[in-house]
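Participant: So the chains spell out like this:
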Amino acid sequence: MMLSFKDVSASIGIIPILRGLDVEIPQSQTVAMIGRNGAGKTTFLRTIMGFTRTTGEIRFDGKRIDTLHPPKRPGLGIGYAPEDRRLFSAFTVEENILLPAQAAGLDQAETQKRLDRAYEILPELREMAGRPGGQVSGGQGKMVALARALMLGRKLVLLDEPFQGLAPALAQRYSEALRALRDSDRSVTLIITESNPALLRGFADRTLVIERGEIAEGAPQTEGESA
Amino acid sequence: MSSVTTTAPATGSSPAALSLLWIAGVVLLAAVPFLAPNLQLLVNFALAKGLAVVGVTVLLRAGQVSFGHALFFGISAYIGAFVMASVPGMDFFGILIAGTLGAALAGLVVGLFVVRYRGIFFGMLNLAFSMIFWSILEKFYHITGGADGIRLTRPTVLGMELGRDAFELFLYYTAIVLVVGLGWFTIRWFASPVGQLFQTIKTNETRLEYLGISPRRAMLSGYLLSAALCGVGGILMATAQGVVTPEYVWWVRSAEMVFIAVLGGAGSVRGAFLGALIYEFVRTYASAYAGDVWQMLLGAFLLVIILFAPGGIIGIFERVFARGKGTS
Amino acid sequence: MKKLIATTALCAALPMGAFAQDKPDSLKVGMTTFLTGPASVFGVPARDAMDIMVQNLNDEGGINGVPVEVSYIDEGAGAEALTSEFRRAVEQGGAEVMFASISSGNCQTLAPLAEDLEVINFMWDCGTQRIFEEADYDYVFRTQANATPEMLAAVIYLLKTQPDFETLAVVNQDYAWGRDSWDIFRTALMQFKPDVEIVGEFFPAFGAPDYSTEISRLQALQPDVVLSTSWGGDLDTFVQQASQRGLMNNSTFVLPLAESSLERLGSALPPGQIVGARGDHYFLHPERRDDEDFKSFMSQYEDQTGNITVYSVFHASQALAALEAAYTKAIEENGVEWPSQEQVLAAMDGLEFQGLGRPVTIREDNQGIEAQLMGTSAQNGDYPFATLENIMIFDGAELTAPVGEVSTDWIETLGPEFVDEIEPTTFEN
Amino acid sequence: MTEPLLETRDLVIRFGGVTAADHVSLKIEAGRNLAIIGPNGAGKTTFLNICSGWIKPSAGSVHFEGEDITRLPPRKIVTRGVARAFQIPQLFTEHTALENLLIAASARDGLRNPLRSMHGIDARDEMMHLLDMVNCADVADRVVVELSEGERKLIDIAVALALKPRLLLMDEPTSGVASSQKDEIMEILIKALSEANVTSVFVEHDMSIVQTYADEVAVWNAGNVQLRGTPSEVLEHPDVIRDVIGEEIA
Amino acid sequence: MNLTTFLLALFDGVSYAALVFIVALGLTLIFGVMRILNVAHGSLYAIGAYATVSLVGWVLALGAAPILAFPLMIVSAILVGVLIGGPVEYLLLRRIYDKPEVLQLLVTFAVFMILEDVQRLVWGTQPYFEAQALRALGNVTVFGVTYTVYQLILLPLVALTLLVGLRFFLRRTVTGKLITATTEDREAAQSIGIDADRVFLLTFVMGAILAGLGGALASPTTSILPGMGADMIVLSFAVVATAGLGQIEGAAIAALMIGMGRSFAIYIWPEVAVLVPYLIMVLVLLVRPEGLFGSPAARKI
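Chains as they are written, first to last, in our numbering: chain A, 608 to 834; chain B, 4 to 331; chain C, 461 to 889; chain D, 7 to 256; chain E, 296 to 596.
A portion of the hints provided could be inaccurate.
Stated by the list, open to error - EDC-like mimics (lysine to aspartate or glutamate), calculated; alpha carbons at most 20 angstroms apart, straight line:
(1) A:K679 <-> A:E731
(2) C:K620 <-> C:E792
(3) C:K755 <-> C:E723
(4) D:K188 <-> A:D673
(5) D:K82 <-> B:E208
(6) C:K755 <-> C:D519
(7) A:K613 <-> A:E702
(8) A:K679 <-> E:E482
(9) D:K188 <-> D:D147
(10) D:K197 <-> D:E152
(11) A:K762 <-> A:D673
(12) A:K613 <-> A:E783
(13) A:K679 <-> E:D492
(14) D:K188 <-> A:E821
(15) C:K488 <-> C:E575
(16) A:K679 <-> E:D480
(17) E:K394 <-> D:E71
(18) C:K488 <-> C:E556
(19) D:K82 <-> D:E152
(20) A:K679 <-> E:D490
(21) D:K82 <-> D:E71
(22) D:K62 <-> B:D295
Hints listed in this document are in silico derivations from the structure and should not be mistaken for laboratory results.
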């Protein structure tokens, strides 16, 4: 199992958000996590990253991580693109992408290799590499955030509502990039949250529906299935 | 922001038994001149300071902290001194009113500027205003007496000239009456619509605006109250001490008031007085018996309170009391 | 103490009461002094000296067999703590006599308090001349001079040693002492030498860490004389910065309080600057340095503190000497074992006593008359710091405003001839 | 022809390079509940922000009952009779649910006696009734931080209603409320609105809610009203199905 | 005022501003990254000065060359940062990052009170003076006025070096980038693997070192005595708030404004010299609430 939740509850402040989740996600699976605003999608991802108060057991790649210091988690191979992209405006696009590798202390060659891979998947970023992080549009920012997540996300990539606010053309481009990612490296596990399931149709191997902090298995969605 | 710093808004009334305890406390205070006359002056200082601390407490209820409220304490004290100097034989109630009005007026003027700010900037701007006044007091020596300040002669009381002992006794009971009266007023004000609107600044100014209320005006109402409370405290302190110096306005004084407010239980009126009493005792006795380390002791005391008892002394007190009640 | 006052009052009411005092176990004295804050440069040496002197006194049997016991109150803890502690010492601690205080501001606060509490108070170090000029006191005495003779001595010494200067600038601390002392100095200078031009008046904040700008201005103005009545860290900083930047090459500094900074300043104080000591206070006092008592105290003090004395040590010695003299006199005059407060108060009238300097007398307005010592700095290698040469000791009586007169008004009645009329005792070093 | 309750004329707003409202002229008639639908990021919330004074438009004007309120701050617009409920509830989190409403009532009724306790005011019954109406009477005395998102949403609406507005702007009133309760809530809400003679404009993503409870629907896309009409007209329009609804409700 | 006096006032202002800037730099760095206004910063400044005086006095007494005072200043600053700054962050501040800012401020105020007494216990109440470093560099005469090279040239140079160096460090080095990222968005930084706890510790130690360095550099020019920290903290607050909290270049400009304002006031209107920093602060904040270079935080609903 790449990721497993055993009786995990999480709360923000004193408000419980996730209630006793049990989930297992095997390697190389692409999971769509569907649910309304406030249902707990974002909290689910944040719990993996260690930003909530959690009880229960979370294992990643066989290793228990719920007790691991949050900043150490990305280094295990987890990439995370938060919903509101959160680029660092003080840095250029490329510097933004490089930061996770630098924080993890990767050497020059490895960093370059990963950067090249990110550019391979998102070639349009090369052209804006030198632009300040604060001056890219919302959609472009999502791309940068994806590339940034890929730097460390060799095993698991968490994308929080990546299509939110994307113009149709950009959304198209974004899902192409995701396909490219999967094609280039089948071993990566992807978890994508989305409130509109239609957008992930034909892409996810599996759908999890989250409602009021509890998870239910959704129908498997395969390419070509129509509404 | 979590609610740990302030006790929940005191809209409900304390249990009757607890109120009785407070009444007993006031009675005990009133008995001090007979039971422990040597403590009288000390307690008088503490009560005066406690009133100023209530002023700071008012702002804490809106989630704001002023690092310059000694300004109003000092303005009122200096007004008292100036009035005493220019109108010989002035009555105590005359300077009490003059000082309080002066502090309130200063609160209005400064308040009109600072109510636009929140958080650190609010604190810093208050600090800047107090430091300007402090510099003026130090600098315009011919008017203000510079660092040595101004001596206040003893005012008459309703036309009567009192000796030192009689005057101090009078002042002491006046302080108790003012503390009880203004404390009660402030608690009532917190529970009143105006007070409630003022306190919502801490949690949601957007909603306040969408209730049709100007957050700045709501802020100003509390700011005025806090300035006036500091003013009453300042005039009591000045008359009890017989001298006003720029040290009244020095930033460490302002910080000390915030210190006491948090020590006593941030947001609690009763806590402010309890904190002031404890602070004054610790400070006086520590400076007498541990002259080299009294500041250190106070600092450590504050750290312990913040880290281990964020509800302040009043929090501990009420918790212990609640537990006691539970088991009995 | 309340009880004691009540007893005293009751005793006074009876015809024979005045003789009814029993000898107490000890004579309790409360002394306010700066143990913290910038003025502790005076307060701490005074306390250390007082401890030594009280020990010496008690070793010799105290006052008529009664040992003296001094407790200290920190003036640095703020005016509130000071007033409460002062009262506590009197009402609870049983202090019969208080020594208060160093700060003029505190003297202004505590003098009326002492009067109200009916406790004898010796103002042992504060300089303001105003207290006795503005009000009469029965219980408050000053066991040293006030600012008027201190400043007059400086002006006259300057005029006697450098009569030809033309311009003067002042750099004083911005608080009461700095302002008041400049008022007196300027008034006197204008009477004695009206043609002097005052080219700059600077009042940097008390405790200012940097005088660079003032020094730049002084260098541009090039005054013949620079006056500073600053003390403590402020004076050290100012003199250091000024000497480093060569300001003393062209200007003579008049530093009426520099005696207390000599040791700390070390080699930073160039020769040729005028130094005062708020009285005839100098660890090499030319009239006293060969006295056995003086010498033994100085070596005791140096052993215990590692430093030479500063003027506040002399002031402390005078307060203690006044206490001893007053009680001894009261005992003798009344033929009692131990005097009542009234008898001590009566003894204060015209009291003469001697601390480490020349004898001091208490005038009818309770003001002490104390000699003034001025000198010029010299770096002659005897010590790792400047010593004084060309010392003059002025008689205090001539320089103090007469009883009932306000100092500045009195000075305005003086003319240039006053400088010549004053004939100090002069010493080579 | 009666005067519209709220009218915008040629409203334009730009953020940086993005135009969130592009010459919007919209009339809202009294008594007709208008639902605004549209894709995320189309500018629906921005429109509510302009109408309530939170943001000033780059050009154009907003009129309420004939009065130009474009430049008024939110608090002035509120006193004219326009209340607002939010997507993220805006409540006084350290007060109880009932206190939130009482504060709103005292803001509405003016502040007279400074020493009169909040709890003594006459509006108490009225506010309890409001809480009851939004199904929150049982949590009246609980502090807001302890409440669930859904409960806060409802209290947020109740606070707006406590102001007795003539127009209520709501941003996704039922998001965060359990699906089972949504219809119940909307039922009560619409009834309460019509009883109190309040017109509402609400942004909504749930098409079944729109279908059932709106009198009119405006489709917001790319900074303007693309289409307006009755729910059945609009929701069956092919463009709307493609751009907004997707296949979700199918 | 002619050109010469104008220039003289300028020189004085710059040299004063340099020192204030160095202290304010540490304060604004800590605030920028950690959102904590460190009241104890002034104490660290004072302790830096005391430590320098003790260390220099001791080493020079052993017969070392006066020029050695300069490396010793850096040693003292680092000692202050590591031995005091480190434990304060690690043992105290770390526990209160999620508490309201009032409490954070008060914790640093408590530390300030404690450190004030620590100074007194360790160094007593007598003023210290140790000007070997200042003398070692000699004087320079401009327009007939003598300045010390130390104050006129060295201090502004050090300030400039620190400004440029810190800029470079934050923008070009990996550690600096991690700090900058944490400053901008702590959680986003953590989500890409930046250990914000370590960044905070490092930042606080660096800020404390800057405070200590300010004290160390000030030590040859002034008397070291109790209370010097309380004065300095208010001044550097004024600089930091005028500039906009967390603005490094802004702090340099604000320090210059305050330094110049003060020195020109001494030439033109000496009475207001003390008032100048606060007047500038109030005037700036009234016009620009976020400070000269701060950016207003947009409220979202």
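Participant: Each hint: holds or not?
Facilitator: To see whether the hints hold, each was checked on the structure:
With a CA separation close to 30 angstroms, the supplied pair K679 (chain A) and E731 (chain A) exceeds the 20 angstroms bound. At roughly 44 angstroms between alpha-carbon atoms, K620 (chain C) and E792 (chain C) are farther apart than 20 angstroms, so this suggested pair is violated. Under the criterion of a C-alpha separation no larger than 20 angstroms, the hint pairing K755 (chain C) with E723 (chain C) is consistent with the structure, at around 18 angstroms. A threshold of 20 angstroms between alpha carbons decides the hint, and for K188 (chain D) with D673 (chain A) the separation of about 35 angstroms lies outside it, so the pair is violated.
Between the alpha carbons of K82 (chain D) and E208 (chain B) the distance comes to roughly 15 angstroms, so the proposed pair stays at or under 20 angstroms and holds. Proposed proximity of K755 (chain C) and D519 (chain C) is supported: the alpha carbons are some 18 angstroms apart, at most 20 angstroms. Simply put, K613 (chain A) and E702 (chain A) have alpha-carbon atoms about 37 angstroms apart, too far for the 20 angstroms limit, and the pair is violated. Restraint check for K679 (chain A) and E482 (chain E): the C-alpha separation of about 13 angstroms stays at or below 20 angstroms, so the hint holds.
Proposed proximity of K188 (chain D) and D147 (chain D) is contradicted: the alpha carbons are some 23 angstroms apart, above 20 angstroms. A hinted pair counts as satisfied when its Cα atoms are at most 20 angstroms apart, and K197 (chain D) with E152 (chain D) does not qualify at roughly 28 angstroms. In summary, the hint linking K762 (chain A) to D673 (chain A) is supported, as the alpha carbons are separated by about 17 angstroms, within the 20 angstroms threshold. A distance of roughly 33 angstroms separates the Cα atoms of K613 (chain A) and E783 (chain A); the hinted pair therefore is violated under the 20 angstroms criterion.
Under the criterion of a C-alpha separation no larger than 20 angstroms, the hint pairing K679 (chain A) with D492 (chain E) is consistent with the structure, at around 12 angstroms. Straight-line distance between C-alpha atoms of K188 (chain D) and E821 (chain A) comes to about 19 angstroms, which keeps the hinted pair within the 20 angstroms bound. For the suggested pair K488 (chain C) and E575 (chain C), the alpha carbons sit about 18 angstroms apart, so the restraint of at most 20 angstroms is met. Between K679 (chain A) and D480 (chain E) the CA atoms are separated by roughly 17 angstroms; this keeps the pair inside 20 angstroms, and the hint holds.
Distance restraint check for K394 (chain E) and E71 (chain D): the Cα-Cα separation of roughly 46 angstroms exceeds the 20 angstroms cut-off, and the hinted pair is therefore not satisfied. Distance hint between K488 (chain C) and E556 (chain C) is fulfilled; the C-alpha atoms sit about 6 angstroms from each other, no more than 20 angstroms. About 31 angstroms separates the Cα atoms of K82 (chain D) and E152 (chain D), which puts this hinted pair outside 20 angstroms; it is violated. Our distance criterion of 20 angstroms between C-alpha atoms is met by K679 (chain A) and D490 (chain E), whose separation comes to about 7 angstroms.
Restraint check for K82 (chain D) and E71 (chain D): satisfied, since their Cα atoms lie roughly 14 angstroms apart, inside the 20 angstroms limit. Proposed proximity of K62 (chain D) and D295 (chain B) is contradicted: the alpha carbons are some 60 angstroms apart, above 20 angstroms.
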